[in-house]
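Q: So the chains spell out like this:
Protein chains: 2
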Amino acid sequence: MRMAELSSRSGVPIPTIKYYLREGLLQPGTATAATRAEYGESHVRRLRLIRALLEIGELPVTAIQRIVGALDDDTVSLHELIGRAQYALGPHVTPLAGDQDWQAAAGEVDALISELGWQVTAGSPARALLSGALVALRRLDPARSGVSLDVYAETLGRLAAQEVATVDPVDPPSGETDRAAVVEAAVAGMVLYERVVIALRRLAQEDASAQRFGHAGAE
Amino acid sequence: MRMAELSSRSGVPIPTIKYYLREGLLQPGTATAATRAEYGESHVRRLRLIRALLEIGELPVTAIQRIVGALDDDTVSLHELIGRAQYALGPHVTPLAGDQDWQAAAGEVDALISELGWQVTAGSPARALLSGALVALRRLDPARSGVSLDVYAETLGRLAAQEVATVDPVDPPSGETDRAAVVEAAVAGMVLYERVVIALRRLAQEDASAQRFGHAGAE
Chain B
1 MRMAELSSRS GVPIPTIKYY LREGLLQPGT ATAATRAEYG ESHVRRLRLI
51 RALLEIGELP VTAIQRIVGA LDDDTVSLHE LIGRAQYALG PHVTPLAGDQ
101 DWQAAAGEVD ALISELGWQV TAGSPARALL SGALVALRRL DPARSGVSLD
151 VYAETLGRLA AQEVATVDPV DPPSGETDRA AVVEAAVAGM VLYERVVIAL
201 RRLAQEDASA QRFGHAGAE
Chain L
1001 MRMAELSSRS GVPIPTIKYY LREGLLQPGT ATAATRAEYG ESHVRRLRLI
1051 RALLEIGELP VTAIQRIVGA LDDDTVSLHE LIGRAQYALG PHVTPLAGDQ
1101 DWQAAAGEVD ALISELGWQV TAGSPARALL SGALVALRRL DPARSGVSLD
1151 VYAETLGRLA AQEVATVDPV DPPSGETDRA AVVEAAVAGM VLYERVVIAL
1201 RRLAQEDASA QRFGHAGAE
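Protein sequence lines correspond, in order, to chains B and L.
All residue numbers for the first sequence refer to the numbering used here, where the first residue is 1 and numbers rise by one.
All residue numbers for the second sequence refer to the numbering used here, where the first residue is 1001 and numbers rise by one.
No wet-lab data here; the hints were simulated from the structure.
Be a bit skeptical, because a hint or two may be false.
What the hints assert, rightly or not - A few chain L positions that, by computed beta-carbon distances, are all more than 10 Å from chain B:
(1) Gln1027
(2) Thr1035
(3) Gln1103
(4) Gly1107
As the list claims (entries may be wrong) - Label-pair ranges, simulated between beta-carbon atoms:
(5) L:Thr1166 <-> B:Leu54: 33 to 41 Å
(6) B:Thr166 <-> L:Ala1037: 54 to 62 Å
(7) B:Glu115 <-> L:Gly1069: 20 to 28 Å
(8) B:Gln27 <-> L:Ala1122: 38 to 46 Å
(9) B:Ala4 <-> L:Thr1166: 51 to 59 Å
These numbers come from a predicted model, not from an experiment.
Note that the Cβ used here is the ideal one computed from N, Cα and C, for glycine as well.
Put together the whole structure using the sequences plus the hints.
A: Okay, structure coming up:
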């Protein structure tokens, strides 16, 4: 298809498509003349992925460039790709090396991960995010009320296992051409289901709060 | 305490504290002379909350202003406050009024919420976030593989009920002075535990991906 059709199929305006091509977010089409190129279904899918990461994932363009670079690199395994997508996601919390509260929280996170037997690299930014959230929570609420970390870990571990089980293997029988589709779906799922989780958690909280503190209807 | 001590207690530099005072994020101290003011524990706590919302919650200053304005307004109930904090949190997804996929997703979200019997206002931004994520997921993966929405809703509903149950009531016996502490802890918990959920989900996914796709150890 020509660029005009690619634009109408994907809902992305032509100047934006040209910008994505220049930035390397979108792979070039097949040149059919000096100023003409043909695009295919993989371009439609890639544009949808970019829009989803931008609008729903709220990822910056540089982060999307890094993810897309890994998607297009056949030597990057699916596991490594999921790791790279995670590194591209914020928020990025900087460890407070000399801080006692930070050291305590980081130690707690390490203990939790090893207790659960989770295989997580030492440099995973999710460790720092969790430690940072714990430091802030403990400072604001030294009595440590709230739901225990084990409950969260156990609940989310169960969800993650179910999620990863639904990802198709990249290898045969479907072959090379499907690699892009599978890894794109895996990355989109990781980012977008995180938003699903956040949205449902907020909706559930609104309901729980309404039931506990709200005064619904006439009394 | 004087501002210098407030700074060292909270870890926030004096120029930043002055900025927060000017922007109305931090309530003024008690004036003891023309250029001198006394600060108390409530100021230390408020500074910790602001830093947590900025650094771990990644909220923009304007969003924190709105939350803090509601915190300081005694006429705002805890339930309303939780709602306002949710509205301040991103990502903010704009509904695509004329889009068929959007209408289908929004209808699915409405059906899910009413099926669960959740009390959620019609304008809750979490509805749009969920709809937007579903539209993107369905376009990228028309076969609708993945874990069912019901599983997520059920899991997160259970977590939210446990979370809200740990929030203290604001009313007596503790009285007026404790309102700020309780509502601040509730808002911080909402924002910070969301980061805990995200971080643990990413850690759990890294592990699940390592187990399914990784090649751990020497082979």
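Q: Next, verify each hint and record whether it holds.
A: Each hint tested on the structure:
1. Taking the minimum C-beta to C-beta distance to chain B, about 17 Å, the non-interface status of glutamine 1027 of chain L holds against the 10 Å cut.
2. Separation of threonine 1035 of chain L from chain B is adequate, the least Cβ-Cβ distance of about 30 Å exceeding the 10 Å criterion.
3. The claim that glutamine 1103 of chain L is not at the interface with chain B holds, since no C-beta of that chain comes within 10 Å of its own (minimum 15 Å).
4. Non-interface status of glycine 1107 of chain L relative to chain B is upheld: no Cβ of that chain comes within 10 Å, the nearest being about 15 Å off.
5. Restraint check, threonine 1166 of chain L to leucine 54 of chain B: a C-beta distance of roughly 36 Å satisfies the suggested window 33 to 41 Å.
6. A C-beta distance of roughly 58 Å is found between threonine 166 of chain B and alanine 1037 of chain L, which places it inside the suggested range of 54 to 62 Å.
7. Range check, glutamate 115 of chain B to glycine 1069 of chain L: Cβ separation about 42 Å, and the 20 to 28 Å hint is violated.
8. Checked against the hint of 38 to 46 Å, the C-beta distance between glutamine 27 of chain B and alanine 1122 of chain L comes to roughly 42 Å, which is consistent with it.
9. Checked against the hint of 51 to 59 Å, the pair alanine 4 of chain B and threonine 1166 of chain L passes, with Cβ atoms roughly 56 Å apart.
Consistency with the previously given hints fails for number 7 only.
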